[in-house]
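The listed protein sequences correspond, in order, to chains A and B. Its first residue numbered 1, the first sequence is counted upward by one per residue in our numbering. Its first residue numbered 1, the second sequence is counted upward by one per residue in our numbering.
It is possible that part of the hints are untrue.
Because identical chains share one entry, a pair is satisfied inside a single copy or across any pair of copies.
Result set (DSS-like, lysine-lysine): computed pairs, CA atoms no more than 27 Å apart in a straight line [as the list claims (entries may be wrong)]:
no. : residue 1 : residue 2
1   : K74       : K182
2   : K74       : K194
3   : K47       : K111
4   : K74       : K216
5   : K105      : K216
6   : K216      : K111
No lab work stands behind these hints: they were computed from the structure.
Each chain is listed here by its residues.
There are 2 protein chains.
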Amino acid sequence: MINFGNIFFILVRPQLGENIGASARVIKNFRFKNLRIIKPRDIWPNKKAISTSVGAKDLVHNSKIYQDVNSAVKDLHIVFGTTSRMRSINKTNLNLRDAIKIIIKNLKRNKKIGLLFGSEASGLSNEDLVNTNYLINIPTNISFSSINLSHAIAIIAYELFSSLDRKILNIKNFYPSSIASKKELNNFLDFLIKRLEMIGFLKPKEKKKIMIQNIKNTFQKSALSSQEIRTLLGIVSSLIKYKGNLH
Amino acid sequence: MINFGNIFFILVRPQLGENIGASARVIKNFRFKNLRIIKPRDIWPNKKAISTSVGAKDLVHNSKIYQDVNSAVKDLHIVFGTTSRMRSINKTNLNLRDAIKIIIKNLKRNKKIGLLFGSEASGLSNEDLVNTNYLINIPTNISFSSINLSHAIAIIAYELFSSLDRKILNIKNFYPSSIASKKELNNFLDFLIKRLEMIGFLKPKEKKKIMIQNIKNTFQKSALSSQEIRTLLGIVSSLIKYKGNLH
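Okay, chain A solo, but in the shape it has when bound (with noise of 0.2 Å):
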């Protein structure tokens, strides 16, 4: 239903290659294809950008090269403009959450979105932004608001590829699947408690019922594997067993 093909991630006039191999990369990281790029500012493909971009060379050289944003954008149908600080421009300015929204909205009528950024020196011109329908803005300490672009793509690639990928969306936290029963750690926490009574721990008398409530709340709130309740075991056995000076 969604087709990550039809979101275009769009630089405007950026400078070093290195920010453009590592914005590929990070496109491609979470699954999107293409990139399309506006008067880059050095010969293009350039080495540096190869060399960043690692397994995302086909990016670097699928990649597009404009003139002007008008010709980048001329057969996408929605595009935002990108920016770490509040522009006191006509447009209007969502968040990020609610900008992916209106984004997964039209990938579902399979409509093409365009994601402008701006250069690493002086970001969008109001004149860049012409073309755009919203502005997305990425909150950041307002002291040190300066984001590397290729950091700026991350965020973005990396919101819409969980919000998108439904699978990713229900991603269930996984837990070790060799958490041990609780008889397993019972007959531990059983073997434990005998060997410390057998050895004098358990006292005085009157605290030895809470004391053995402590040890078995030590355990039982961490989720125990076989293995390393069986090593357990091993250590206390061990232990119990050594009957050298340990000193």
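Place chain B on chain A using the hints.
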């Protein structure tokens, strides 16, 4: 209530100064303060780290160097390992949002939280993970999950920041305050339609009603400002007044 200074970003054997600098920058972008580094590969501090940190040189200079995970986490209470793949290790893998709930709960109790990030080449080893309470799983493209170190930090720092700062949590979408009243808009539409009627545009007669409705809808749905409406009025007036030949 929440102290951003209780979050510690810990890089385990990072290799590239650029990545350490970029990490410092994005940590500061999201108002965090603490960077710890375990066995950086190159001499420390190094020029590349300082230059890529841009305005976060203070974090680079204040970062603390450790020789192993044990000593880097000894004053912390809850430690998370980060990974982009499910690890077959006996630890609970949490998705990012659930991990953040646990982090917030512990920050409210004034506990110190460590976040471990592995080296570029090999991530976190099972030995590195011994001290961790949980793993945080960053879901990625299963066929290209190798995410840049500073990108992993950017994503986690952003998510934490947007959950921690209640002002940010409550950020409202910003709509242009200069949006015109319906009265202003309707004055313009009446003016326009009257002119269209005068120039014989609204024909044939039986379609007039629906044509007017469509024209009104066209302008009603975009939240025009007073200034934009004045401009549109000017355009319509000028077009009508123009008596020359446009061809």
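Worksheet entry | List of violated hint numbers, smallest to largest | Hints 1, 2 and 3 contradicted; others consistent.
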